[in-house]
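Whenever a hint applies, use it, and build me the whole structure from the sequences.
Protein chains in written order, with my numbering: chain A, 28 to 359; chain B, 467 to 785.
Hint data in this document are derived by calculation from the structure and do not stem from the laboratory. Since the model is a prediction, treat every value here as computed from it, not as a measurement. Don't take each hint at face value.
[Stated by the list, open to error] According to the in silico footprint, chain B covers these stretches of chain A (three or more CB under 8 Å from chain B):
(1) 56–70
(2) 87–96
(3) 150–160
(4) 326–333
[As the list claims (entries may be wrong)] Have a look at the derived ranges for each label pair, beta carbon to beta carbon:
(5) A:L353 to B:G601: 40 to 50 Å
(6) A:M328 to B:S681: 19 to 29 Å
(7) B:G682 to A:A346: 25 to 35 Å
(8) B:D748 to A:L67: 26 to 36 Å
(9) A:L67 to B:E646: 25 to 35 Å
(10) B:E646 to A:M328: 43 to 53 Å
(11) B:T647 to A:S190: 43 to 53 Å
(12) B:G597 to A:S190: 38 to 48 Å
Yeah, the Cβ is synthetic: ideal placement off N, Cα and C, and Gly gets one too.
Each chain, letter by letter, is given below.
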Amino acid sequence: MTRLARTGVWPGILLAAGVFALCLVLALALGPASLSLGRLWQLVVAGPVQGDLDNAIFWQIRMPRVLVACLVGAALAVAGVILQDLFLNPLTDPYVTGVSSGAALGATIGIVLHWSNLPWVTVLALVGGLGTLTLVWMAARRRGRIDIFVLLLAGVTIAYLASAVVTVLMISANQDMHAIIYWLMGSFSGRGWADVEIALVTLPFMAVPLFFTAEMDILLQGEKRALELGVEVERTKRLLLVTAGVLTALAVSVSGIIGFVGLVVPHIVRLLVGPGHRALLPVSLLVGAAMMVVADLLSRMVISPNEIPVGVVTTFVGAPLFVYLLRRGRRA
Amino acid sequence: MTTIRIRRVTAAFLLTALLVLSVIALSACGAGTGAASPSPSASPSAGPITVTDDSGAAVTLAQPATRIVSLAPANTEIAYAIGAGDKMVAGTSFDDYPEEAKSLPKIGDFANPSVEKIASFQPDLVLAAGGIQAGLRSKFEKLGVQVYVVDPTTYEGVMTSITELGQLAGTSEEAQQVVETMKQAQTEVQGKVGALDKATTFLEIYSKPLMTAGSGTFIDDMITSAGGQNIGAEAGSGFPSFSTEVLVQKDPVVYIADSGSMSEPGDIAKRAGFSELTAVKDGRVYVIADNLIARPGPRLAEGLQELAKMIHPEAYAQQ
Chain A
28 MTRLARTGVW PGILLAAGVF ALCLVLALAL GPASLSLGRL WQLVVAGPVQ
78 GDLDNAIFWQ IRMPRVLVAC LVGAALAVAG VILQDLFLNP LTDPYVTGVS
128 SGAALGATIG IVLHWSNLPW VTVLALVGGL GTLTLVWMAA RRRGRIDIFV
178 LLLAGVTIAY LASAVVTVLM ISANQDMHAI IYWLMGSFSG RGWADVEIAL
228 VTLPFMAVPL FFTAEMDILL QGEKRALELG VEVERTKRLL LVTAGVLTAL
278 AVSVSGIIGF VGLVVPHIVR LLVGPGHRAL LPVSLLVGAA MMVVADLLSR
328 MVISPNEIPV GVVTTFVGAP LFVYLLRRGR RA
Chain B
467 MTTIRIRRVT AAFLLTALLV LSVIALSACG AGTGAASPSP SASPSAGPIT
517 VTDDSGAAVT LAQPATRIVS LAPANTEIAY AIGAGDKMVA GTSFDDYPEE
567 AKSLPKIGDF ANPSVEKIAS FQPDLVLAAG GIQAGLRSKF EKLGVQVYVV
617 DPTTYEGVMT SITELGQLAG TSEEAQQVVE TMKQAQTEVQ GKVGALDKAT
667 TFLEIYSKPL MTAGSGTFID DMITSAGGQN IGAEAGSGFP SFSTEVLVQK
717 DPVVYIADSG SMSEPGDIAK RAGFSELTAV KDGRVYVIAD NLIARPGPRL
767 AEGLQELAKM IHPEAYAQQ
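As structure tokens, this is what we get:
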């Protein structure tokens with residue numbers, strides 16, 4: 028904090044933005060269908076046009092996929108920061124609120140009913156996620172206050188319940204089992220501009236917590252202390268919880284359940300820039316986006332023309348990095 | 467305090483025991499009814515029958531099978547096609563062909579066959595599929611039940627399985643007829659498309675993520691026989707995932723979706739980047755019934771002909 032106070036938050040944010048931009052360019056330039064740098068430049072200048080396979084590969088397949096990965100990574104990282112700090116629990120990830128399990132249930136219903144691939148499965152996943160958020164919310168509301176402890180337990184319980192229903196559906200609709208499993212594993216394969224449009228809705232929600240950085244800093248000291256310091260605890264808490272829930276629901280509905288980013292990115296960023304939210308939130312957003320884009324790039328490239336599930340890559344990339352930073356953080 | 471706790475423990479124990487006993491009694495009933503229904507036709511045989519199944523194991527029966535349990539829809543289809551339908555005592559809940567198979571007692575679903583349930587039908591031959599099911603052999607051998615694994619990787623392999631099942635069930639002649647029909651289909655397709663250029667073909671098994679039929683599958687074998695060049699074969703064996711970018715770069719002339727992928731030709735054309743595919747532009751996007759190409763059984767003959775018509779419609783246009 029003292030170091031930050033001296034240098035401000037901008038160097039960190041700018042550095043993260045630089046890293047993110049680099050990852051973005053790499054992800055757009057590289058892919059299993061290799062395009063030369065000259066060809067890439069032509070494609071960028073030409074914009075999306077009909078009648079050219081390379082153009083379709085760049086503008087219709089690679090570009091929307093990379094953008095969805097960016098937005099999902101950023102949304103999960105921001106939701107992770109919010110929830111870890113509201114629950115004051117380092118093990119929290121965006122999925123503890125049950126939103127992802129609810130989304131999984133919605134998607135599973137869509138798959139089992141054979142309501143074609145897109146957009147119904149995505150829409151039902153979103154409905155499932157937001158529905159779960161509402162349920163958990165109602166369970167946690169007592170005399171006009173939201174009890175964080177009850178919210179956490181209700182979220183976990185509803186998550187288990189939804190998972191049980193998904194399992195039952197999976198067993199009873201055996202021929203769809205693979206489809207459901209692949210959805211649950213999460214993937215950016217085949218995501219197009221329609222998915223980008225849904226993912227873009229996360230942008231305003233990612234901006235919300237940026238207006239509450241001071242309140243979030245104080246909330247780290249506990250709700251009671253925050254009340255004493257004049258924070259409108261209830262209002263802030265509600266707004267942030269809904270924001271995190273909506274971000275998670277949107278992210279999961281376009282990508283499936285991709286683990287690790289929402290849990291680990293906030294921790295990595297805290298180790299790098301400290302717990303102050305003025306730096307933590309924007310840097311997490313950028314690092315989350317960068318990490319997801321790189322994970323997706325590796326999932327496309329490593330065993331091309333096959334793909335590795337992106338959730339596996341996020342874990343393989345994130346786990347060693349996290350352990351390294353934890354050890355380094357201890358020593359400092 | 468302690469006595470109450472002991473009483474509770476005893477009560478819990480008794481309840482559990484009761485539950486276990488009733489389950490045993492129920493399954494015994496099931497076995498009883500199962501044993502009563504079929505007619506054991508002890509046909510005279512010329513000594514023991516031995517064949518080698520697709521897992522490489524020798525399967526020996528002292529006499530032709532009289533009580534057959536099938537653990538896969540394809541196996542059920544074969545059994546009925548070779549005239550062993552009257553020897554079937556149980557099938558899976560996914561058996562849908564032929565019509566009679568639907569009314570068979572069920573052993574449960576394809577993925578989780580229960581050994582107890584299967585044993586309750588007192589089979590002398592269990593027809594398993596490959597993969598997890600092949601591992602059931604050791605369990606059944608202890609019960610003295612023979613397991614024949616049907617896991618072919620080529621069209622020829624399916625014909626071999628059918629021939630061998632005919633031997634095991636004592637219906638070799640009918641099995642031979644089924645194989646003849648399959649051979650005829652093969653010869654006819656070969657005659658029509660054999661001399662034509664191979665058309666690059668992509669076969670979609672699933673769309674999100676995109677998955678295809680790789681090398682070492684009978685689907686790959688059939689695409690080749692039907693005059694296609696399977697793009698998926700270069701992605702490895704089995705049913706691998708496939709990069710959309712590479713698909714567009716390879717630009718198949720024919721795009722065939724397995725109906726199990728739930729894709730419609732209209733949806734496929736609308737997917738990201740697919741509008742530039744030659745197959746889409748030329749209207750060469752098809753959906754094929756998965757039961758005709760994904761089940762290693764007699765209906766592959768139909769599947770092969772369907773594939774040939776999709777991959778080389780020009781060869782069938784003249785008639």
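Okay, the hints, checked on the actual structure:
1. 56–70: Check passed, 3 qualifying residues.
2. 87–96: Holds: 5 residues of the region 87–96 of chain A have a Cβ under 8 Å from chain B.
3. 150–160: violated (count 0)
4. 326–333: holds (count 4)
5. A:L353 to B:G601: 40 to 50 Å: 41 Å, holds
6. A:M328 to B:S681: 19 to 29 Å: Hint holds: Cβ distance 22 Å, inside 19 to 29 Å.
7. B:G682 to A:A346: 25 to 35 Å: Holds, since G682 of chain B and A346 of chain A (Cβ atoms, about 34 Å apart) stay within the stated range.
8. B:D748 to A:L67: 26 to 36 Å: Check passed, 28 Å falls within 26 to 36 Å.
9. A:L67 to B:E646: 25 to 35 Å: 57 Å, violated
10. B:E646 to A:M328: 43 to 53 Å: 49 Å, holds
11. B:T647 to A:S190: 43 to 53 Å: Taking Cβ atoms as reference, T647 of chain B and S190 of chain A lie about 47 Å apart, which means the hint holds.
12. B:G597 to A:S190: 38 to 48 Å: 25 Å, violated
Hint check: violations occur at hints 3, 9 and 12; the rest are consistent with the structure.
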